[in-house]
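With chain F fixed as given, assemble chain C onto it according to the hints.
Listed below are the residues making up each chain.
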Amino acid sequence: MYDFELVKPASLAEAVKAMGDDGAQALAGGQTLVPTMKQRLASPERLVSLTGIAELQGVSAAEGRVTIGAATCHADVAAKAAAHYPGLAALAGQIGDPAVRNRGTIGGSLANNDPSACYPAAALGSGATIVTNTRDIAADDYFQGMFATALEEGEIITAVRFPVPQAAGYVKFAQPASRFALVGVFVARFADGVRVAVTGASNNGVFRWAEAEAALSGDFSADAVTGLTVPADDMIADLHGSAEYRAHLVGVMTARAVRAAG
Amino acid sequence: MTKVTMTVNGKTVSADTEGRTLLSSFLRDGLGMTGTHIGCDTSQCGACLVHVDGKAVKSCSVFAQEVAGAQVRTIEGMANADGSLSVIQQAFQDHHGLQCGFCTPGMVMSAAALLAENPKPTEHEVRHYLEGNLCRCTGYHNIVKAVLAASGQDVSGLGVAAE
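Residue numbers (UniProt numbering), protein chains in the order written: chain F, 1 to 262; chain C, 1 to 163.
Bound-form chain C, shown alone:
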């Protein structure tokens, strides 16, 4: 076992790991932070997406020891300091950007990574960026709408599906 230390949502954390311990397991089993979901477990669905040093990464396909010392941000670190929902989270609620919610942590983290590099994306850019996040409920329409709304853009012309 090797002790791995990293910063998760601004807090320094340590846990014993084996070489085979994935970052997703480190977060969920080691730290009890179960907001990061494991869907396909093969780097396709994006439910496990977190930020490592500001970059979107699928935590099911990275070993914890590989990101020792990194700054990691998970869905648990997305809400505002007072506990209220962040702009992106609120937009997902306002625009019905989730149904079962399983993919939502990854969607929110992916959307946050997109808006950090491209604050005013087009609809096409949002759909293209979310290619690695699979949702089996919504048909994506309202997710895209939520991300565009979170970027401060007018989404009133995008239809009224399920609102």
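Next comes chain F alone, as it looks inside the complex:
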């Protein structure tokens, strides 16, 4: 791997300062960034490691919300959020494999916004708030296309705040080699309506499926989405599946996610 500077700040304030220079890149669990750097697809001059910062760790629940520290690994979310938001914990427990879940973090996943990652579906499907060192960003404003987010240069995600729905489910059709979602659908039923977020499918990254939301808000059952289809125009097409196949899977996974939500 080419040379760079690795810094390990002990506090968020130090991390923000270290991120101030050109060429600085935040390093969370590194499960995507490190392989990306080995392939020379990214070449930061300085990595600012966030996993040693205590204030970015942990899961807490209060007043119908669950707040996850940005540097909390997937395995900890799977274990510690289970009592407060089982649908979110179940999603975290399906990411990658056990070793990846011990390192990869929620903040890292959301900052990267891989179009096939699981967490963007949970954040958008729950209507979560992405909390950074400078502001709160609603999930509806945060995701801006494949690998693109509302984050500014040097901005660091500190936590993610999830409103807890009455019921939620996530089902993904895993791409068998990478375990990323070929298509993954997160559904969440709130008192004022249902949200449906789809990952893995679109060239524009995670998106909400308005027709399914309307149908499920009237009747929260798998039958309610039978016959609904999404256009294949903007779907990802690659060796793992055609655009038409992914569009079809969106409907199938949505019905399964509703069943999983119970």
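The hints are simulated quantities; they were obtained by calculation from the structure and are not laboratory data. Errors might be hidden in some of the hints.
Unchecked claim - Below, simulated DSBU-like cross-link-like pairs (lysine-lysine); rule was C-alpha separation at most 35 Å, straight line:
(1) K80(F) with K11(C)
(2) K11(C) with K38(F)
(3) K17(F) with K120(C)
(4) K11(C) with K120(C)
(5) K120(C) with K80(F)
(6) K17(F) with K80(F)
(7) K38(F) with K55(C)
(8) K55(C) with K120(C)
(9) K3(C) with K38(F)
(10) K11(C) with K55(C)
(11) K80(F) with K55(C)
(12) K17(F) with K3(C)
(13) K38(F) with K17(F)
(14) K3(C) with K55(C)
(15) K80(F) with K38(F)
Keep in mind the model is a prediction, meaning the values are calculated, not measured.
For chain C alone, coordinates are given in the frame of chain F:
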């Protein structure tokens, strides 16, 4: 260069590292412990899997400086004190859970992490847990069998492949 100190298999060790030194390189090149294998080098195959503070981690995707001060366990630390094979290692031998052996250090470390959190896993749980460990020889059947046997469960109903 920054001196990094950690505990590897119960022994305190130090070596000079650069920021870019991966834990896998620290173990193999810095300490000469080549039991930890580097396969894909992109956190997919699991051949480099070690334990960091008791958790399964792919050492090719963690920088050594990030785990300074940690308790690390590698395949070299798995055998019993008298040099005999541990229960898991012996089960891999007894049930022919390896062929070329390249993935085996990672498989054994993954199996040990599984059995530490779930001492009596089902076959499905073993297969699910080993998703991040790729073997291109065995077809996994005998690896799963070995892990189940190491957990003390009866594997006589699981077929006789390659025994």
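Hint by hint, here is what the structure shows:
For a cut-off of 35 Å, the pair hint linking K80(F) to K11(C) stands: about 32 Å separates their Cα positions. Restraint check: the Cα-Cα separation between K11(C) and K38(F) comes to about 30 Å, which is no more than 35 Å; the hinted pair holds. Proposed proximity of K17(F) and K120(C) is contradicted: the alpha carbons are some 48 Å apart, above 35 Å. At most 35 Å may separate the alpha-carbon atoms for a hinted pair to count; K11(C) and K120(C) meet this at roughly 30 Å.
For the hint pairing K120(C) with K80(F), the CA-to-CA distance comes to about 22 Å; that is within 35 Å, so the pair holds. The suggested pairing of K17(F) with K80(F) holds, with an alpha-carbon distance near 31 Å, which does not exceed 35 Å. Between K38(F) and K55(C) the alpha-carbon distance is near 24 Å, which keeps this suggested pair within the 35 Å criterion. The straight-line distance between the Cα atoms of K55(C) and K120(C) is roughly 18 Å, inside the 35 Å bound, and the hint therefore holds.
Restraint check for K3(C) and K38(F): satisfied, since their Cα atoms lie roughly 23 Å apart, inside the 35 Å limit. A C-alpha spacing of about 18 Å is found between K11(C) and K55(C), which places the hinted pair at or below 35 Å, so the restraint holds. Pair hint K80(F) plus K55(C) holds up; C-alpha atoms about 16 Å apart against a cutoff of 35 Å. Taking the CA atoms of K17(F) and K3(C), the gap is near 24 Å; set against the 35 Å cutoff, the hint holds.
For the given pair, K38(F) sits about 26 Å from K17(F) by alpha-carbon distance, which is consistent with the 35 Å threshold. The hinted pair formed by K3(C) and K55(C) meets the criterion: a straight-line CA distance of about 23 Å does not exceed 35 Å. About 32 Å separates the Cα atoms of K80(F) and K38(F), which keeps this hinted pair within 35 Å; it holds.
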